[in-house]
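K.L.:
Sequence:
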Amino acid sequence: MKKFIVFLFFAISSISYAQDYFKGKNLVCEPKNEKARETFESAIKILHLNKQLEPKYLRANSELFFRATKEDSTFCDAYFFTGYTSRLLNEFENALVFYYMADSLAVKPSVEFKQNLAMSAMILGSDEIARKKFDELKENFPENPEGYYGVGLTSTIIGDYENGINNLNQAISLYKNSSNPSITDAYYIKAILLTLSEKYEDAISYFEKSSKFKKEPNYYTHYSLALLKTAQKNNDEKMLKTAKKMYGKIEDKTQIPAFLVPLFDFN
Numbered sequence: 001m002k003k004f005i006v007f008l009f010f011a012i013s014s015i016s017y018a019q020d021y022f023k024g025k026n027l028v029c030e031p032k033n034e035k036a037r038e039t040f041e042s043a044i045k046i047l048h049l050n051k052q053l054e055p056k057y058l059r060a061n062s063e064l065f066f067r068a069t070k071e072d073s074t075f076c077d078a079y080f081f082t083g084y085t086s087r088l089l090n091e092f093e094n095a096l097v098f099y100y101m102a103d104s105l106a107v108k109p110s111v112e113f114k115q116n117l118a119m120s121a122m123i124l125g126s127d128e129i130a131r132k133k134f135d136e137l138k139e140n141f142p143e144n145p146e147g148y149y150g151v152g153l154t155s156t157i158i159g160d161y162e163n164g165i166n167n168l169n170q171a172i173s174l175y176k177n178s179s180n181p182s183i184t185d186a187y188y189i190k191a192i193l194l195t196l197s198e199k200y201e202d203a204i205s206y207f208e209k210s211s212k213f214k215k216e217p218n219y220y221t222h223y224s225l226a227l228l229k230t231a232q233k234n235n236d237e238k239m240l241k242t243a244k245k246m247y248g249k250i251e252d253k254t255q256i257p258a259f260l261v262p263l264f265d266f267n
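Numbering (our numbering), first residue to last: 1 to 267.
Treat the hints loosely; a few may be bogus.
[Claimed, not checked] Simulated crosslink set (DSS-like; lysine-lysine; CA at most 27 Å straight-line):
(1) Lys241 with Lys215
(2) Lys35 with Lys23
(3) Lys238 with Lys209
(4) Lys56 with Lys45
(5) Lys244 with Lys229
Honestly, the hints are just simulated from the structure, not real lab data.
Computed from a predicted model, the values in this text were never measured in an experiment.
Turn these sequences into a full structure, and let the hints guide you.
P.N.:
Here's what the structure looks like:
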């Protein structure tokens, strides 16, 4: 499941990158001196010139954002972008520290700060911190689906499946209103949580709605289990064959969570 969290994190980041904030606009904390502003603006330009995200340029870029924090220790956006470029370098521990600083210094709540902090915390196994930040997203931005979606995502690890499903329902409703493509991600996480909650029949339609994740290992694991248990309940031989077919698509069965292994009884 952790690999899936990393995958979603990169997907979210690529979407966010197109937003005005990642162009250096709509800053959360205005810098207190021009030197810090100039350093920050130069770093933003370099970030967008490095379209291939080459590590050697990212390293210099991260150091430039960090210089802006030294020039103005209250400049929360400079801390955020130091974290962001650290994350692009796969330095997740550093990213978490700088995201935390940005969120702590922010003069107003920021979706970008809390979302990236929460996702980095999840990657590093700090699931309770992630949950706290997603809850703050819900509180501060109740019309934004990301907080509800994040709670659902953390539920796959924390284990409060029903709470996760309820939050995903809210996220799906908000995604529908905005025609956001992330609704498919929410369908997928809901399908997994329904399976883990033993609501197997309900889960099937959500797997069908999220088939774009077929190459993700958790897809076939949970989908085949939902099909298997529904087929056994309804004595549906056709569905049982489909369940076996989906199970056969799991490339590395050693990655199936240990608590799910005994449930795959096809006899």
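K.L.:
Each hint needs a verdict: does it hold in this structure or not?
P.N.:
Against the structure, the hints:
1. Taking the CA atoms of Lys241 and Lys215, the gap is about 20 Å. The hint holds against a cut of 27 Å.
2. Simply put, Lys35 and Lys23 have alpha-carbon atoms about 19 Å apart, close enough for the 27 Å limit, and the pair holds.
3. Among the hinted pairs, Lys238 with Lys209 is consistent with the structure: their alpha-carbon atoms are about 20 Å apart, no more than 27 Å.
4. In summary, the hint linking Lys56 to Lys45 is supported, as the alpha carbons are separated by about 16 Å, within the 27 Å threshold.
5. At most 27 Å may separate the alpha-carbon atoms for a hinted pair to count; Lys244 and Lys229 meet this at roughly 11 Å.
The structure shown violates none of the earlier numbered hints.
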